[in-house]
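Number of protein chains: 6
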Amino acid sequence: MTSTPKGRAGGRATDELRAVTIRPDFNKHAEGSVLIEMGDTRVICTASIEDKVPPFLMRSGKGWVTAEYGMLPRATNERNAREAAKGKQGGRTLEIQRLIGRALRGTIDQEALGERTVIIDCDVIQADGGTRCASITGGYVALVLALGKIYLGKKMVNWPVRSQVAAVSVGIRHGMPHLDLDYSEDSTAEVDMNIVATDAMQFIELQGTAEKGSFSEDEMTSMIALARGGIEQLVAKQREILSPLLAQVDDVARERLKSKFKK
Amino acid sequence: MTSTPKGRAGGRATDELRAVTIRPDFNKHAEGSVLIEMGDTRVICTASIEDKVPPFLMRSGKGWVTAEYGMLPRATNERNAREAAKGKQGGRTLEIQRLIGRALRGTIDQEALGERTVIIDCDVIQADGGTRCASITGGYVALVLALGKIYLGKKMVNWPVRSQVAAVSVGIRHGMPHLDLDYSEDSTAEVDMNIVATDAMQFIELQGTAEKGSFSEDEMTSMIALARGGIEQLVAKQREILSPLLAQVDDVARERLKSKFKK
Amino acid sequence: MTSTPKGRAGGRATDELRAVTIRPDFNKHAEGSVLIEMGDTRVICTASIEDKVPPFLMRSGKGWVTAEYGMLPRATNERNAREAAKGKQGGRTLEIQRLIGRALRGTIDQEALGERTVIIDCDVIQADGGTRCASITGGYVALVLALGKIYLGKKMVNWPVRSQVAAVSVGIRHGMPHLDLDYSEDSTAEVDMNIVATDAMQFIELQGTAEKGSFSEDEMTSMIALARGGIEQLVAKQREILSPLLAQVDDVARERLKSKFKK
Amino acid sequence: MTSTPKGRAGGRATDELRAVTIRPDFNKHAEGSVLIEMGDTRVICTASIEDKVPPFLMRSGKGWVTAEYGMLPRATNERNAREAAKGKQGGRTLEIQRLIGRALRGTIDQEALGERTVIIDCDVIQADGGTRCASITGGYVALVLALGKIYLGKKMVNWPVRSQVAAVSVGIRHGMPHLDLDYSEDSTAEVDMNIVATDAMQFIELQGTAEKGSFSEDEMTSMIALARGGIEQLVAKQREILSPLLAQVDDVARERLKSKFKK
Amino acid sequence: MTSTPKGRAGGRATDELRAVTIRPDFNKHAEGSVLIEMGDTRVICTASIEDKVPPFLMRSGKGWVTAEYGMLPRATNERNAREAAKGKQGGRTLEIQRLIGRALRGTIDQEALGERTVIIDCDVIQADGGTRCASITGGYVALVLALGKIYLGKKMVNWPVRSQVAAVSVGIRHGMPHLDLDYSEDSTAEVDMNIVATDAMQFIELQGTAEKGSFSEDEMTSMIALARGGIEQLVAKQREILSPLLAQVDDVARERLKSKFKK
Amino acid sequence: MTSTPKGRAGGRATDELRAVTIRPDFNKHAEGSVLIEMGDTRVICTASIEDKVPPFLMRSGKGWVTAEYGMLPRATNERNAREAAKGKQGGRTLEIQRLIGRALRGTIDQEALGERTVIIDCDVIQADGGTRCASITGGYVALVLALGKIYLGKKMVNWPVRSQVAAVSVGIRHGMPHLDLDYSEDSTAEVDMNIVATDAMQFIELQGTAEKGSFSEDEMTSMIALARGGIEQLVAKQREILSPLLAQVDDVARERLKSKFKK
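Protein chains in written order, with this note's numbering: chain B, 1 to 263; chain Z, 1 to 263; chain A, 1 to 263; chain G, 1 to 263; chain H, 1 to 263; chain D, 1 to 263.
It is worth saying that the hints were derived from the structure and are not from the lab.
These figures come from a predicted structure and were not determined experimentally.
We put the beta carbon where it would ideally sit given N, CA and C, even for glycine.
Looking from chain H toward chain G, a few residues come up when the C-beta cut is under 8 Å (computed):
no.: 1; residue: 94
no.: 2; residue: 102
no.: 3; residue: 205
no.: 4; residue: 224
Quick look at which bits of chain A chain Z covers, simulated, 3 or more residues with Cβ under 8 Å:
no.: 5; stretch: 98-108
no.: 6; stretch: 198-208
no.: 7; stretch: 216-230
Work out the full structure, taking the sequences as your base and the hints as a guide.
Pasting the structure below:
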């Protein structure tokens, strides 16, 4: 455990994640759903499956994965005006939901998915920094739960999940890299970086921003090292929750293979 | 306990409420907040206090209470398009939030509130019928919790809450009145009525709609009788949660009165 | 005739409607139309028939009845901003047009209507209270006039009108129930109730709101009694205007029946 | 009277206006109002006066005149979607209301008006061609009626009306100029021209459009000659309705002048 | 050359156009495009061809020509808010693009065009008066260039261009007619007129507006005379740029005719 | 010069920028402006200075820099619907303009700027990949030109520019890093990265996205190396254009310093 001069809330080390919990099947209606908590950040992620695709994929045999992101007005310390009442989604919202969509879409084999759309809704019910990362990490679990239901229900021939994906933020505060910033840390950090990576530690997306000044390649390298540690723990957490489902998926896949050979 | 020919989910009697739980302080940011559950219906209610009023109340010395209502896209069995993405709130949403606003505003003394606005956000995270009633019942608790914080923090001279308010639905199914309809009951009911009432069983708002055909004055009378029973239990539930706060409010009020007489 | 302590405009009794006139065929283009006046409230109601239905009714053999409501900017004492210029219909507008739609839809046999949509446009050209009730009472006449034209034109096999419907407001002012409130009465009433009922005095919709304080079941009963008297006069007025058409409809229905038996 | 080979509805001559009626004080709320009818075209024009001006005129001592135009959905033969429901005013609407505003603004002395805005609402309740011209001709009367009320009420020092303005359409059909086209004529005309002119036959605005092909300078000259005749009749009609008011205005102006000299 | 008392920028005569340049093929993507400059006014006009038509022309065998107009925010002296950010196109924009569309549509034989839509985008990158006229004059060239590409590419049987069209503004300043007003002239002119005419000096559209006061028929006649001179130069300029293409079109037309006769 | 197996348009090496030209003072109205071309990508950047700041900076003594981004409809190979006509800016547009704003804001000392807002409008008139990077590189020059005008005009005490900033894209195609992707390269790249850096090669923003699959830390390092080379050439290009202005700024700064010491 690394110490930090100014200290973090709860005595957290600079390379330590906040407490993470992922509660599956949080919503009784959705094909897949979780409540993910990273410290005081809480996001409901649901995966809804619809038997249609956007126009550009019609009759292609391929499916689509997309995401929408929202925040309850009082998820934040100061109340934010409701986007539905303002009549449009803000730039931040659109940017985040495009990121979540790209991150999750990258893990899926569109042909194995077939002509279906999976919509991942990520709704922040309490925000304390890192909501986009929590949305990706939790949204992945909701997505796999939904696909598992379809696959086990025999409505899908091949298992479409190719890899695991999770996301974490890192930043530089007081000149030192910190993992998984909470809101108060994030708003005073010099650099803020969001890293989306697979379980094989390959990057899907990487976005670093100097909030004040600029940052060097060395600083980036040290942030990435810290992020790796966080991603490893997050994918382990996801695996833990998904393992019963994935075991069933494996069984079914094996049986389907056998019955195929018998014929 | 009254029996019902066709039966209700969980063997519920026609005059029986679903399990109700109200979890206070659900949100760490809001001045007042609850998670209310009525069966599988779950609504997050937050009360936010802002030190400004709408233009028509400026320099009047009076405050305002208003409400906003929303539903997560997958709160429902079929996913509903996100209103923020559609670019406007639908008629149903506007109608419900106007109702919640009127119901809660009626319980507050606007002059004692002073030039402040309380915004009650009611966000349905899972829907199974009765969301507008749950929003009123839960929103009232959030409102009082927020006002308590202000009053005890000595930012308010007089306690502005004049009465208690709760709401419940009743309907006629198979020709027989039923209390607190869940979604599957509501969607097949002949008549649907929402009743908003005070702890003294006076009506604040009453809305009855014949979904099929029409209804008689006698049927209305029998629905109202059923609703009374439900309202009584709901106001008791609210009182239970609010009693520690109200005891503190009473103490402070008494002290303030004393110190006033001493001078 | 009942007297009232403070008096009403024109010496009207508390149980007396304002002067009502319904002028049929006010618009040369619409399939059905009226200008309805209740005192100084004037609403143009037109019924337009289109040979298509909303998506959820396609290929169901059933038709749809819907309503839209609007107000000219200077229908009111103070000019109201034009909704088309503001870029959206307000909550009050949406609430009212949903009410009108439900009320009128309830009188029609959707299967006899066939795959058609009837749009009832209710446009208030001068407002003095009770515009939503006048819209329902007048809209019903426009609807029947339009259906008559279709039926007599032999484009419809069975007459689709099942019942008559009218609406009236009642309220409590100075503690006493009053029928058919004008704007100045409405804006000072303690309770305001809109009642939509059939010619058999069955309720279609009933909405009561305590504008100040609350109201008891007894008060509600006395308001309903007053409303009954108003509804009776309004349905009589409607019948008077529609009787020539309805006589023709009866003749045609009888002939069609005869020719059916002959075959 | 000129004859026309193909004939016009009602045997109208090519240089003949449709029946024109202007009914003043049609609306009880507005400062000035008329119902203008030109044949089957009917427009309600109201003038509303507000004691504020747009930002660019603040503290300039000058007033503003502006117009808004709308059409009830079933003013036309086929129902038009309601602009408030579509969420925006169409290009045709904006173009027409800008024209009306310019035409009426040109007749007013902005300094004599003082820091006030007059909004002229022109709402077409039945359309049969020439709605923008009827709006200008009727809107002028509503405007003067409203200004008269202010002037006589002693809230305005100098009478701000500088000239009279009216508008009429002319067009070429079957190669021959026609005055005041109705809808069926307009939709088959080769050229369509709207002329806005003062009582001194000076042009305020002139808009000619070749709907098919093009038109020569000679054709334009002959259309203008026809329009002159129409404008003369329309300004006479306006004068007839406004003369009692203008007589009063004259009296007051004379008295004010006298009392000024006495001092 | 006529002299002017107050002088024009660059010593321009009252009957003199500003320097006009039309640079074809300005954009590498569009089927047809130009950059037109009239003095300091610069407009990019592109013509895009799509193989579909608006609903009202489907299966009619006819094509459509439409236009859109925009201005970069800093095309003007003071920055104008971006219409995309405001969420709607203003009335002026809609009015201008409707005018451009009518003007260009009038030159095309819709049947020869076939079921295609040509969209002319006119984007003002620097404004100094006369942008709508420059858009028409330049848009015509872009349109013909695009149609030439289609025709020569053998995707169109008959050449659809029936006439040439150009536009110019004239105005009255200090009581004297002036051709082709720049922004500073336009904003101080008493009368402003836009004239759209064919190469045969027939009018397509003519819009005159008295910005202050009014104007007489004589003044109009003198403005039209001045406009004729401007139009003549503009159509000559267009012809110069289009002549190589038109020569090719003629050759192909002749060959097609020949090969038709041979069969 | 490095060779590439599949070749790039124009025989460009993988570490070679496209031809870059920056034409200053492209627009006569804006305080600062350029036309930047990177190959066939052309962007007009204007800097507009307004003497006001957003609400959150009022009375702070600090200024603001913000950006807006747009594309002409036919900037692209297929015509894109005009955002002003669609009624909203898309997610991609908002994301890009937020990025440009952050990048340019980071180079400015907000206190030296004083209570002013600089709006950088970046309008793509022809797109061929790299439009956001060209906007940043060109927008920086427009910004400095505008600030120079203010500073030399003695309306600003201290020169507010702290560093230079430019942006370039890099990507991985066929497994090999490429600098400055054009559209056809970008749409087939496996990884796409945009790098915003200062003249001291410090990062302001870094966004890498795996369009297909994922990427390793080594791949990222090699892309960054390539980007450095591009940034160096771009900042040199900027310096070349700005050097006459910066020399003047230096002279004035020296004189101001002298006159300060004399006092």
